[in-house]
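Each chain, letter by letter, is given below.
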Amino acid sequence: MTLDWAFLLITAVNLVAVIGLLLNLGGVLTWVERKQAAVMANRIGANRCYIPVPVPAKAPGGGWKVRWSKRFTLVGLFHAIADGMKMLTKEDYTPPFVNRFIYNLAPFIAFVTVFATFAVIPFGGPVEPARLLDGPLLSGIGALDGARAWLAGFFGDGSGAARTFRLQLADLDIGVLYVFAVSGTGVFAAALAGWSSNNKFSLLGGLRASAQMISYEVALGLSVIGLFLIHGTVDLGRIVDQQQSLWMWGIVLQPHMFFLFLAANIAENKRIPFDMPEGESELVAGYFTEYSAMKMGMFMMSEFVAIAVIAGLVTTLFFGGYHVPFLYDDGFHFGESVVPLSHLTVVVLRLASFTLKVLVLCWFQILIRWTLPKFRYDQVMRLGWKMLLPISLANLVLTAGIAQIVNAR
Amino acid sequence: MSEIKTVTLTIDGRQVTVPAGTSVLEASKVIGAEVPHFCYHPGLPVDGNCRMCIVEIDGARRPPVSCATSCADGMVVRTDTAAVKAIRASVMEFLLVNHPIDCPICDKAGECMLQDYYMQHDRKRSELRDEKVHKPRLVKFSDRIVFNGERCILCTRCVRFTENVTRTHELGIVNRGDRALVEVAGGGSLHNRYQDNVADICPVGALTKTDFRFKKRVWFLKHTDSICPGCSRGCNVVLDHDKNEVVRVMPRFRAEVNGHWMCDEGRDIHKRIGVDRLLAPRVKLPGREGGATPEEALEAVAEVLGEARKTPDRLAAIASSWGTNEEAFLFAKLFGETLRTPHMDVKSDSDEGYPEDDVLHTADHNPNRAGVVAQGVVPNDKKGGLGLAGILDACRRGDIQCLVVWGPGLSGHLPGGESELALVLSKVARVVYLGWKDDPVARLAHVALPTPAWAEKDGSYTNCDGIKSTSVRALDPPPGVRGEIEVLADLQARLKGRSYGRTFRELAAKTGAPLPPRRPAPALRQPSLYRHASGVARP
Amino acid sequence: MNPLLNPKLPEPAYKEEFTAGRLFTYRNPSDLTLWERLYVPEVLRGLSITGSIFFKNMGLWLVWLGYWARGRANEAPRGAVTVYYPEEERPDMTKVNRGKHILTQRLNGEPQCVACYMCATACPAWCIHIDAGEHPDPAIEKYPVRFDIEIDKCIFCGYCEEACPVDAIRLTTDYHTVDYLRERMVYDRDYLLSWNPTKVQQEHVYPGGEPRRG
Chain A
1 MTLDWAFLLI TAVNLVAVIG LLLNLGGVLT WVERKQAAVM ANRIGANRCY IPVPVPAKAP
61 GGGWKVRWSK RFTLVGLFHA IADGMKMLTK EDYTPPFVNR FIYNLAPFIA FVTVFATFAV
121 IPFGGPVEPA RLLDGPLLSG IGALDGARAW LAGFFGDGSG AARTFRLQLA DLDIGVLYVF
181 AVSGTGVFAA ALAGWSSNNK FSLLGGLRAS AQMISYEVAL GLSVIGLFLI HGTVDLGRIV
241 DQQQSLWMWG IVLQPHMFFL FLAANIAENK RIPFDMPEGE SELVAGYFTE YSAMKMGMFM
301 MSEFVAIAVI AGLVTTLFFG GYHVPFLYDD GFHFGESVVP LSHLTVVVLR LASFTLKVLV
361 LCWFQILIRW TLPKFRYDQV MRLGWKMLLP ISLANLVLTA GIAQIVNAR
Chain B
410 MSEIKTVTLT IDGRQVTVPA GTSVLEASKV IGAEVPHFCY HPGLPVDGNC RMCIVEIDGA
470 RRPPVSCATS CADGMVVRTD TAAVKAIRAS VMEFLLVNHP IDCPICDKAG ECMLQDYYMQ
530 HDRKRSELRD EKVHKPRLVK FSDRIVFNGE RCILCTRCVR FTENVTRTHE LGIVNRGDRA
590 LVEVAGGGSL HNRYQDNVAD ICPVGALTKT DFRFKKRVWF LKHTDSICPG CSRGCNVVLD
650 HDKNEVVRVM PRFRAEVNGH WMCDEGRDIH KRIGVDRLLA PRVKLPGREG GATPEEALEA
710 VAEVLGEARK TPDRLAAIAS SWGTNEEAFL FAKLFGETLR TPHMDVKSDS DEGYPEDDVL
770 HTADHNPNRA GVVAQGVVPN DKKGGLGLAG ILDACRRGDI QCLVVWGPGL SGHLPGGESE
830 LALVLSKVAR VVYLGWKDDP VARLAHVALP TPAWAEKDGS YTNCDGIKST SVRALDPPPG
890 VRGEIEVLAD LQARLKGRSY GRTFRELAAK TGAPLPPRRP APALRQPSLY RHASGVARP
Chain C
949 MNPLLNPKLP EPAYKEEFTA GRLFTYRNPS DLTLWERLYV PEVLRGLSIT GSIFFKNMGL
1009 WLVWLGYWAR GRANEAPRGA VTVYYPEEER PDMTKVNRGK HILTQRLNGE PQCVACYMCA
1069 TACPAWCIHI DAGEHPDPAI EKYPVRFDIE IDKCIFCGYC EEACPVDAIR LTTDYHTVDY
1129 LRERMVYDRD YLLSWNPTKV QQEHVYPGGE PRRG
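If you read the sequences in order, they're chains A, B and C. Residues in the first sequence are numbered consecutively from 1, following this note's numbering. Residues in the second sequence are numbered consecutively from 410, following this note's numbering. Residues in the third sequence are numbered consecutively from 949, following this note's numbering.
There could be a bad hint or two in this list.
As the list claims (entries may be wrong) - Derived list of chain C stretches under chain A, where covered just means 3 residues or more per stretch with a C-beta under 8 Å from a C-beta of chain A:
(1) 989 to 995
(2) 1025 to 1031
To be verified - Partial chain C-side listing against chain A, Cβ under 10 Å, derived:
(3) T998
(4) G999
(5) I1001
(6) F1002
(7) N1005
(8) W1009
Quick caveat, the hints were computed from the structure, so don't treat them as lab data. Note that CB positions come from ideal geometry on N, CA and C, so glycine has one too.
Use the sequences and the hints to build the structure in full.
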């Protein structure tokens, strides 16, 4: 058996794209969170970080000298970098009373589970590398002929037909089940961090985290089963495929479930209004009270990456994934009229569509975080078990009935 | 013995029985009816010039002054009627006519009787339109006493003090009316040894002590009952301290010891606490040279004493006459009972100070010689024990192997002073020093252990008349310094002796020390990182 | 006119920040209507409020960008109610703001302070430290040899000002008390006297000193 170099190359590209996207998004989101909160509250927000830029200035005695300007702040964007540098260079203090192995393990669990979740999310439409350089503009350029021939050869299946690849790290049949399984593992991060810290606040935070995450796991899973019934699959790739039409988008089919799913996801991510496990006002910093430097940073980072992952998941399930309304593989279809587009344009448009949707949903989550007041712990539990779960179940029964009727017809 | 005659009278509707001859003012103190007064002082003859202590007595033609009225059988006294209050308010108004309202800079503020009574009885603005009478403001009565004539209310307490207590007659009132003034007779200065008392008894801030002047506002002071170690009178005093520093010493009334007074030397004796202190243990034993922790030094002492135990005849112990009864008790038990040395005696720690006089001061400048002897620190005559002079002679002859010296001042017992001390101690194989002063002995000793000064420990003292007084720890000792009680009890334990207790309260039962009332702990003041920042560049 | 009968509250610095005259009554237990109990509509309403502020401010930012491009950034309407401290400062800082302390002076430049410790006694943060000394002039008698204020401990309550019998210590409106060195945040007598000293009038001299009139 020979190695499938074409598959490996595409997977590597996917990997780089996913990791790069998530890590950068996670970093930028820390800045977005601060700046957006400021803008929402009529404040200025983070704006102090700068990169010194040499500018010529008049010397007092005549002539010119170099002055280092502090004005290059990019509206505070460097704060994300400064935060990261601070986290990396701070003293990494491990308290003497902790269970060292589990204490060190916990942030990695948090980090890994969040990243692994994104593996099954398709972030772009199907790509035929052999056709990438086709199209009305590029095909006229003779200089690209060589590249075109190499692409056709490398990504061909040997029989002359072009292979199609998905922009998705792992095209798993179990799809969403994998997402639930992996994100469910994230409970361990909080629970183990809280327990191993050997601190009352941490332990309470860890307890709250496990109770809350397990409670909302149920609602999380049940709230999207209606969609699976309609689509007839749990494979995220198939689900996105079926959302080609605007009328098949999850937000149109099951708008109420969007709120449930988002609420359950935010609860999973332990952010306001569900930030019981951190509970600054009563538990210092909850389950990661005893963490410092980059280990604390990993918890924070995984929280921000999780925002992006949730946005990706919601996009995939409810907002048609990478689909642009009316855009098909060969161009826009408005009724009978067709606007043909090259394959490269379509691919880029779909990537941009997915990224835009994710960004908007990230913004939306931060908007929620800076608008809603925190729940009390009993309210969190009541909402989870007495509101979200019954509604999800009722929706499941209703959707199943309707699906049965529609299928029978 | 004839029976003391008593009289029964009614004060504010309550029956009081007092010895005949008691003043109404004193009798009303019995039932807790505080009659305000300025010129009256229980330690001085009655004068009755301030007119503040006026009360109503049924049958009297006009309200009399209670300090000068003796109690009689069947007398009915009222101390708080409207008429009495009106009279007091009027008296206050007259007293305040020329009194400057400079309480903010007056050191008496906070313990000033005029201030207190103003708040209780007057509380109104001055109606005086004219300028207040000006008098000399900064008159130095002596190096210790400053007089401010404007604040004086002419109660003559100070005059009566010099007339009746010290009988030196320096002070007197000159001029009349609003020009009246306290002056030192003949333009000289106060020259008695009890002159600081006039500032204490001054009801206002007219007489102030240069020593305390402007040092501290009185409301910052914490008060701790203590005794004065200046002489064997053992005056009961109150140490007024703040931030672990004694600011002033005030006499505490104890009728059988010092009455209301104390001498000036006792007021200054707290200044010795910080001078020439032995702050860290010193060990000069072979194999143990160099700095030592308190624990190591104690170990060294135990080792030396354990060695000396084999030849108790060649061990001698000299106790301090500044030690407390409890420490002396443990000292006697350690050396007499556990180590069984016959050579034990007490020495004088200090011989500086005022000579003896007929008021309070005694010739012995050590507070507790009687107590230390009473606890058994005496040579054991049955075994041929040597006294202090004998011990020193034996040292000179080389008969003593191990000498334990507790407290400073041993060189004062040798005619040749320090040089002879070095010669004598050079003949002794092991010298152990225990004391709070960095004495010549401490520099020559093989082991020197620091101990707290008297204000830094609890203990009882027996004065020249055999009266016991208890001194309460007012200050924290220097870091790492442990009290003698603890050190001696520790040595006792290391040398396998009997245990008699490790705290003052445990030992007080054995020495019969009067236990002081437990005072509530003073309010905690936050430790400050503050330090004076002179020389630091300003922004 | 009795101010109690005609309450006239001071104008808020930024009117739109407050409730614009509407008064809300909060009850406990809450009496939510069914519509409010549904939660989601009310959440959406809340999100629309914060979101509209967000977009309004982003719009203002675009406007600012336009002004900035024309080099007139300072004239642009402001969205933020906060300022870019320390480059900018709020223009509406109240005149009675309690800030750094000063010691007032006599006409000859000596401190007005008579070292009475009233401020140190009143200070709830125990940040005033005074050492008193004997003044050569018997009319003044007592003066501060040392007068230190730990400005980093001070809570700017103004009790020292209230307690002072001779108007010797005042709080100015200056609130720039930050520093990088803790040592420099202990203000000594000379510093308190030297910056922005205020000469008090002869009439305000300590009543025990010269001149005294009745």
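A quick look at each hint next to the structure:
With 3 residues carrying a beta carbon less than 8 Å from a beta carbon of chain A, the region 989 to 995 of chain C meets the three-residue requirement, and the given coverage holds. Counting residues of the region 1025 to 1031 of chain C whose C-beta sits closer than 8 Å to any C-beta of chain A gives 5, which meets the bar of three, so the coverage hint holds. Restraint check, C/T998 versus chain A: the minimum CB separation of about 4 Å is within 10 Å; hint holds. Checking C/G999 against chain A: minimum C-beta separation of about 6 Å stays under 10 Å; hint holds.
Interface hint at C/I1001: satisfied, since its Cβ lies 6 Å from the closest Cβ of chain A, which is below the 10 Å cut-off. For C/F1002, the shortest C-beta to C-beta distance to chain A is roughly 5 Å, which falls under 10 Å, so the interface hint holds. Interface hint status for C/N1005: upheld, as the beta-carbon distance to the closest one in chain A is roughly 5 Å, under 10 Å. For C/W1009, the interface hint holds, since its Cβ comes within 10 Å of a Cβ in chain A; the closest pair sits about 8 Å apart.
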